[in-house]
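Colleague: Mapped onto the UniProt record's numbering, the consecutive letters of the sequence shown carry residue numbers 1 to 132.
I should point out that these hints are in silico values taken from the structure, not numbers from a laboratory.
Keep in mind that a hint or two might mislead.
[Said to hold, decoys possible] Below, simulated BS3-like cross-link-like pairs (lysine-lysine); rule was C-alpha separation at most 27 Å, straight line:
1) K38 with K71
2) K29 with K14
3) K29 with K55
4) K14 with K38
5) K55 with K76
6) K52 with K38
7) K14 with K52
8) K55 with K14
9) K71 with K52
10) K71 with K29
11) K52 with K76
12) K76 with K29
13) K71 with K55
14) K38 with K55
15) K38 with K76
16) K52 with K29
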Amino acid sequence: MVIDPDHRIKNRSKRDGLIREIEDFFSDKEAVTWFINKLEARYSRYIIDQLKVMKRVMIEHPTIAEDALRKVYDLKLTSANDYRDVAMSISIEQDRNDIGNKNRAKSNEKYAGLQAPERSPDAYLHVLSGGG
């Protein structure tokens, strides 16, 4: 078997670089340190793959990456795939809210010029009591 002694050194420097990049991205140092430590403990052999998944989320969803990390930390999830899924869930939820807000704004604009007729409470009581 041929073994390259530099192989472990290359992987370690790549791993350390990814860790440093991820730690620098997040403001919640406690959560990111906890999460990376959990990843290293659980996926020591595949830590670079786990870190790459985290980095991809940071690139694709930079505005929600911090929220996703906080949620993963609160739920004590310990996988980069869990982190990715939480980020996607938050993204979908935000998109739904944005679409809902835009639709409400459009419907409000559509009827902005109309004035609803005002009736006295007696008019409603008359209708509810069976009067037409």
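Colleague: Against the structure shown, which of the earlier numbered hints fail to hold, in ascending order?
Modeller: none
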